[in-house]
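Could you put the whole structure together from the sequences, leaning on the hints where they help?
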Amino acid sequence: MLKMMMRTNAAASSYCSSSSSRGMPRLHPNSTVVFVNNYFAFFSRSQASKAKNSRRRRTQIDQLAKDFPKITNVEDALKVFDRMLQLRPLPPLFRFTQVLCLVARLKQYSTVISSYNQMAVSGMVPDVYVLNILINCFCHLNQMGSSFSVLGKLFKLGFEPSVSTVNTLINGFLLENRVVEAAGIFNKMIKAGNCQPNAITFGTLVKGLCMKGNNGAAIQLLRKMEERAFKIDLIVYNTIIDSLCKDTLLVDALNLFSEMISRGIAPDVRTYTALIQGACKLGKWKEATRLLKEMESKNIFPNVHTFTVLVDTLCKEGMVVEAEGVVEMMIQRDMEPNVVTYSSLMNGYCLQGEMDKAKKVFELMLSKGSMVNGFSYAILINGYCNQKKIDEARMLFLDMSRMGLVQDNIICNIIMDGFCKVGRTQDAQKVFFEMQTSGQLPDVITYTVLLDGLCKNRQLSKAMQLFREMEGKKLDIDIKIYSILINGLCIAGKIKSARDLFCGLSSKGLQPDVVTHNVMINGLCLGGLTSEAEELLIEMEEKGCSPNDRTYNTIIRGLINNNETSRAMVLIRQMVEKGFSADVSTMELIVNLLCKDEVDPALLPLIRKSL
DNA sequence: TTAGGGTTAG
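Numbering-wise (my numbering), the first sequence opens with residue 1283 and increments by one.
Hints should not be assumed to be uniformly reliable.
The calculated lysine-lysine pairs, modelled on BS3-like cross-linking and capped at a C-alpha distance of 25 Å, are [as the list claims (entries may be wrong)]: (1) Lys-1575 <-> Lys-1563; (2) Lys-1598 <-> Lys-1568; (3) Lys-1568 <-> Lys-1580; (4) Lys-1712 <-> Lys-1744; (5) Lys-1790 <-> Lys-1776; (6) Lys-1825 <-> Lys-1790; (7) Lys-1494 <-> Lys-1756; (8) Lys-1598 <-> Lys-1639; (9) Lys-1641 <-> Lys-1670.
Simulated from the structure, these hints should not be mistaken for laboratory data.
Okay, structure coming up:
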């Protein structure tokens, strides 16, 4: 044994001899005893040193890992990642996986991918966990092609996809609204049999259906899960309850809530937050208060999300003072309002046209460090655009790039709309072209905004050119877009073309809605075709499309402008009977008629009522 | 150490 050890040690010695820095002993040439003694002394020191190094490395990794839960930003995560990458030997793969998870949770998907690439360069071979994380990142970046490339690598490395892999891919397709492909993978999963769906699979599918606004199908899936004796968990219930509440189907949501409780599933703060939002959206403040009290009685306490829902809905109902009260209450409760809370309050001020107060909230957010995000900018820019303060909006729009924030389609659409509202269609078109040159694809709303702007600014030929482009790109041209175009044609005096387009809608499989009728009625009145406008009013009702206050105001104005006062009076009577009233411009025309004594005195009480 | 649920903008 000793000989064996000596042989091994001699081999070790010859290997180590090249490195004087590692404390290799100097051997006495004539003394085997000295050699052996020295060598054993070296051996034990070397082993001790190795053990010490290993311990130090483990301590370093453990120390780094201990800080993982404290990491809340990507910079700190990457610092740890880089330090780990410098250690030799490298820390185990799962430690790197932990960091990748942290970065993925911060939604920094591209960073996860580049970090993985660094790991690969360092020679690390991924396992199924790492590959799943990578697939998930590509899914969230809407790069399903790359997700499938990673899946290919997974197979190539001899792994089998886990249920997490399949769930991630299903979610990826759903994030891209590709429900058919998501269902396809789900069906393959069931057929193949080697990977059975779990609660997360169903949860993912339920979410996908809710995202498509298909609450009915989501509930059907829930029932199928029951039939298969599959345990339905809180997340599935919360997903559907939230979706129902967002669609203001509070009664259905409360029924599902009762069902959930009767099955022994306890609600959490998310369940109550969803229900409170549903109640607030319907203006049922008493119900919202009841729910708040109920949750607190169950020791479920409202959090930042809950209060933010209150702030947002109060603001949208014009109750900004009450929303301010909620924010103050949060601060009193030592609950720090977040970017969404402040942005919602800012939106409230914008909706009231109180831009100075909105800007103050924005500045407060800026003073709190990196609190503003793309949403905050969008809200403020939109506020300025609606007030026709385009220069302030433009400054903020330009500021976004400096802040490193992405000017996404929504922001571009807002600023384009703002430019159009003040007649600066060239600036709107510039944004439209810049979007495309930077590789950002305009969506159907971008086209709609520009089309509307061009139409309202009497640039019909450019509008028509854009419309052809939309057709060429096979965009989903819906009735709203046709209404814009019909309105554009009418404004440009091309009533016959507008009428042809209107009449041809059914052949395109489209049903004119109340807006389409209103713009056509307006066009007919502008063209002096008031009888035809009145016929269209009757026809729309016959076809089940109820006229609204805009319809009546439009046609009454049209009749007065065409000196058809008595017919206008008949429609004023009809409008009042239906519970609608005159708007400012109609009122102005009626007052003019009154001044000229052109109104039958018998109609005066009625007119007063309509005003 | 991986996968599903809540709050803000067009």
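Violated hints, by number in ascending order, as checked against the structure = none
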